[in-house]
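As a plain string of letters, each chain reads:
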Amino acid sequence: MASGSLNSNLSGNYRRRKTVDKVMTVIAYLCAAIAIVALTLVIIYVVARGINVWRPAFFTENTALFGDGGGIYNAMYGTAMLVLLSMAIGVPVGIMAGIYLAEFGDNRLGDFIRFVADTMAGIPSIVVGLFVYGALVLIMGWNAFAGACALAILMLPVISRTTEGIVRMVPGELREASLALGLPQWKTMLRIVLPTAAAGIITGVFLSVARAAGETAPLIFTILGSNFFNTNPFEGAMAAVSLYVYQASSSPYEAVQEAAWGAALVLMLFVLVLNFIARAIALRQKV
Amino acid sequence: MERNKTRADNQPSGSHEDPRLESQPGNRDGQQKPAGAQGQTSGASGAQAQSMEVQGLNCFYGGFKAVTDVDMTIRPNKITALIGPSGCGKSTFLRALNRMHEVTRGGRIEGKVLLDGEDIYAPNVDPVQVRRKIGMVFQKPNPFPTMTIYDNVVAGLKLAGSHKKSELDDIVEDKLRQAALWDEVKDKLSAGGTDLSGGQQQRLCIARTLAVEPEVILLDEPASALDPMSSMKIEDAMQDLKKRYTLIIVTHNMQQASRSSDYTGFFYIEAMGEPGQLWEFGETEQIFSNPERQQTEDYVTGKMG
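Protein chains in written order, with our numbering: chain A, 1 to 287; chain B, 1001 to 1305.
Looking at chain A on its own, in the form it has when it is part of the complex:
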C-alpha cells in the first residue's frame, strides 16, 4: 500500500519538477555562456586589432595625434605616475578608514562614514573629475597630481569598505589571544590583525587600482592629455594610456585610430594582470 501511494500520488508533481529543473539548468548555463562569450569576444577583438600596432617603436615614441600615430611611451609613463600617486594618496587613507570602521565604527559616526563611502562609490567618475577641476585645476592648472587626486577619490570607498570587511572577518579569538598576552590594543591591531587580514586588503587595493588605471573621464578635466614627455606631476598636462585611447580613437587619421587599439590592448593587459595578481593573493589567504 505504501509503495503504491508513493508512485501514484507524487509522480505527476515529480515529473513536472524534473522538467522545470532541467529547463532552469539549461537557462543558467546559457546565461553563464553569454557572459563568458561577451568577455572573450572583447578580449579577442582588442588583441586582434591592437597587436598589429605593436612594434618596438610603439613603446619608445611619444604619442602623436596626427600622421602615423607615434607610440605611447609618455602615456605609459603618465599612467604609471597616476597609479602610483593615487595609491600613495588613496591606499593609506582607505586602509585606515577601513580599520576605523571595523574596530570603532559601530556608532553613528561609523554609520555616517559608511553611508558616505557607499554613496561615493556610486558617484559617476566624470563628476569626481569635475569636482577636482574646480578644486585644484582652476588654481594649479593641468597637472598629474590633480588627476591622481580624482583617482584616489574613486579608490577610497572601495579600499575602505573592502578593508573593513576583511578586518571584521579576522576571528575575535586572535584579538583576545593577543590582548591576553598583555599586548596593547594598537600592537594587537598592527601586528596580529593586519597581517592576518593582509592578503584580503592587498586584493582590495589591487582591484581598486585596476579600476582607477582604466578611468578616463576624470582625467579629461585634470591632466588634459599631452603629446610631450612630462615628468613633473605637479605642473603641466600629462598623457595617460586610457585618455590616449579616447583621444586617438576620435582622430581623423586612420593610423592614429589604429594606434588607439594598440594602446587599448596595453591597458587591457595591465588591468588583467592586476586582476590575476589580486586573485592569486586572495587564494593564498589562510583565514
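By construction, these hints were calculated from the structure, which means they are not laboratory data.
Note that beta-carbon positions come from the ideal geometry of N, C-alpha and C, so glycine has one too.
There's no promise every hint is true.
Using 25 Å as the maximum straight-line C-alpha spacing, the simulated DSS-like pairs for lysine-lysine come out as follows [as the list claims (entries may be wrong)]: (1) B/Lys1112 <-> B/Lys1186; (2) B/Lys1164 <-> B/Lys1186; (3) B/Lys1233 <-> B/Lys1188; (4) B/Lys1242 <-> A/Lys187; (5) B/Lys1188 <-> B/Lys1165; (6) B/Lys1242 <-> B/Lys1078; (7) B/Lys1233 <-> B/Lys1186; (8) A/Lys187 <-> B/Lys1158; (9) B/Lys1140 <-> B/Lys1078; (10) B/Lys1165 <-> A/Lys187; (11) B/Lys1112 <-> B/Lys1065; (12) B/Lys1164 <-> A/Lys187.
In silico negatives: residues of chain A with every beta carbon more than 12 Å from chain B [to be verified]: (13) Ala32; (14) Ile43; (15) Tyr45; (16) Glu61; (17) Trp142; (18) Arg175; (19) Arg211; (20) Ala217; (21) Asn230.
Anything over 12 Å on all C-beta distances counts as not near chain A; from chain B, calculated [unchecked claim]: (22) Leu1114; (23) Asn1124; (24) Asp1126; (25) His1163; (26) Leu1189; (27) Asp1220; (28) Met1232; (29) Met1254; (30) Asp1262; (31) Ser1289; (32) Arg1293; (33) Gly1302.
Starting from the known structure of chain A, fit chain B onto it as the hints suggest.
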C-alpha cells in the same frame, strides 16, 4: 567603547605607581608554602605563583548582571576548578580575573580582584600589565595563523620588545617542554602554528601563555574542543604547571575537575535571567564527595545539567 570606564591609563601615574604589581617576592595572604620556598624561586627569573582574592565581584554586560557577589580565595600553586551549568557565569567570572571581561562590548565589573593583595581594577593599574601577570588560555585553540610555531611561542615577548635570538631559542624550548609539546614539534619549529592538530595547537597556546612568565594562568574550557587523548595530555601538563603557577580552570568535565583540581567552585543560576552566583566553594574532595548544598550534589552526580 565602554572600556574607558574601568581603564584609566591616561591618569597621571608618576606619583602613584604601584611597585607591588611590578614585582613582589613575598606573599602575604593565602600562603601555603613555607617562606623559604618562596625566597628560593624569587631569585630565579622564572614566574612565581601568586594568590588571588575576589571580593564582592559583580560582572555586567551593559545593563545585564551576569555574575553577582562572588567572594573567593585562590591559593597559589593550586588548581582551582570552576564548574556549573552553561550560562551560569563561570567564563564571565574567569575573564574578569584578568580584565578580559571589559574587552567585550558593554563588559564592566563592580567589586575587587586582588592579585597578591593588589587590586587589579585600581584606577591607576594598566590592564595590559595585569594580563602579563595573569595569562589566559581559551576554549578554542587560537594560534596566530600568520606565524610559525616558534614565533607563536614568543609572540608575547617579541611584540612587546626586542630580545636576543639565543634567549628566545631557550625560551621556546623551555616553554614547549612545559606545555608537553616539545618532542612533537622540535623538528618543525618553522612550520605554521595552524598546521598542528587541535590538541597540539592548544598546547602551543599554553606555551605561548607561559612565555610571558605570568603568575596565574586562567584556562577557559581548554580541553572541551579536544579528543580524550589530547585532553589527557593537557591535564598532565597542568599537573606539572602547578608547581610554578597558580591555575584556574573552567570545565564542563566532572571527571577532569575531580581528578586534577585542588579546589572547586560551583556556579549556579537559580532561574533564567538571574545572575550566576558562586553557590559553593571548597576543597575538591569535599565538593565531590560531601557537598553542603543540594544543587551542588545534584550537579556533580549528574542529576542536573
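Cross-check of the supplied hints:
1. B/Lys1112 <-> B/Lys1186: Not OK: B/Lys1112 and B/Lys1186 at ~42 Å, beyond 25 Å, violated.
2. B/Lys1164 <-> B/Lys1186: With a Cα-Cα distance of about 20 Å, the restraint between B/Lys1164 and B/Lys1186 holds, given a limit of 25 Å.
3. B/Lys1233 <-> B/Lys1188: Holds - the C-alpha atoms of B/Lys1188 and B/Lys1233 are around 20 Å apart, at most 25 Å.
4. B/Lys1242 <-> A/Lys187: Roughly 30 Å between the alpha carbons, so the hint for B/Lys1242 and A/Lys187 is violated.
5. B/Lys1188 <-> B/Lys1165: It holds: about 17 Å lies between the C-alpha atoms, which stays within 25 Å.
6. B/Lys1242 <-> B/Lys1078: This hinted pair holds, its Cα atoms lying about 6 Å apart.
7. B/Lys1233 <-> B/Lys1186: With Cα atoms ~17 Å apart, B/Lys1233 and B/Lys1186 stay inside 25 Å; holds.
8. A/Lys187 <-> B/Lys1158: Status holds; Cα separation ~11 Å.
9. B/Lys1140 <-> B/Lys1078: holds, 24 Å
10. B/Lys1165 <-> A/Lys187: holds, 21 Å
11. B/Lys1112 <-> B/Lys1065: At roughly 16 Å apart (the allowed maximum being 25 Å), B/Lys1065 and B/Lys1112 satisfy the hint.
12. B/Lys1164 <-> A/Lys187: This hinted pair holds, its Cα atoms lying about 20 Å apart.
13. Ala32: holds, 34 Å
14. Ile43: Its Cβ never comes within 12 Å of chain B, the nearest being 36 Å, so this holds.
15. Tyr45: Holds: least Cβ distance 43 Å, greater than 12 Å.
16. Glu61: Its Cβ never comes within 12 Å of chain B, the nearest being 46 Å, so this holds.
17. Trp142: holds, 44 Å
18. Arg175: violated, 8 Å
19. Arg211: The assertion about A/Arg211 holds, with a minimum of 28 Å to chain B.
20. Ala217: Non-interface label stands for A/Ala217: nearest chain B Cβ at 40 Å, farther than 12 Å.
21. Asn230: Fine: 42 Å to the nearest Cβ keeps A/Asn230 off the interface.
22. Leu1114: The assertion about B/Leu1114 holds, with a minimum of 19 Å to chain A.
23. Asn1124: Label holds. Min Cβ-Cβ 16 Å, cutoff 12 Å.
24. Asp1126: B/Asp1126 is in fact no farther than 12 Å from some Cβ atom of chain A, at 9 Å.
25. His1163: holds, 14 Å
26. Leu1189: Answer for B/Leu1189: holds, closest chain A Cβ roughly 19 Å.
27. Asp1220: violated, 10 Å
28. Met1232: holds, 24 Å
29. Met1254: holds, 26 Å
30. Asp1262: Holds: least Cβ distance 24 Å, greater than 12 Å.
31. Ser1289: holds, 34 Å
32. Arg1293: About 33 Å separates B/Arg1293 from the closest Cβ of chain A, which puts it past 12 Å; holds.
33. Gly1302: B/Gly1302 is indeed farther than 12 Å from all Cβ atoms of chain A, at 31 Å.
Violated hints, in rising order: 1, 4, 18, 24, 27; the structure is consistent with all others.
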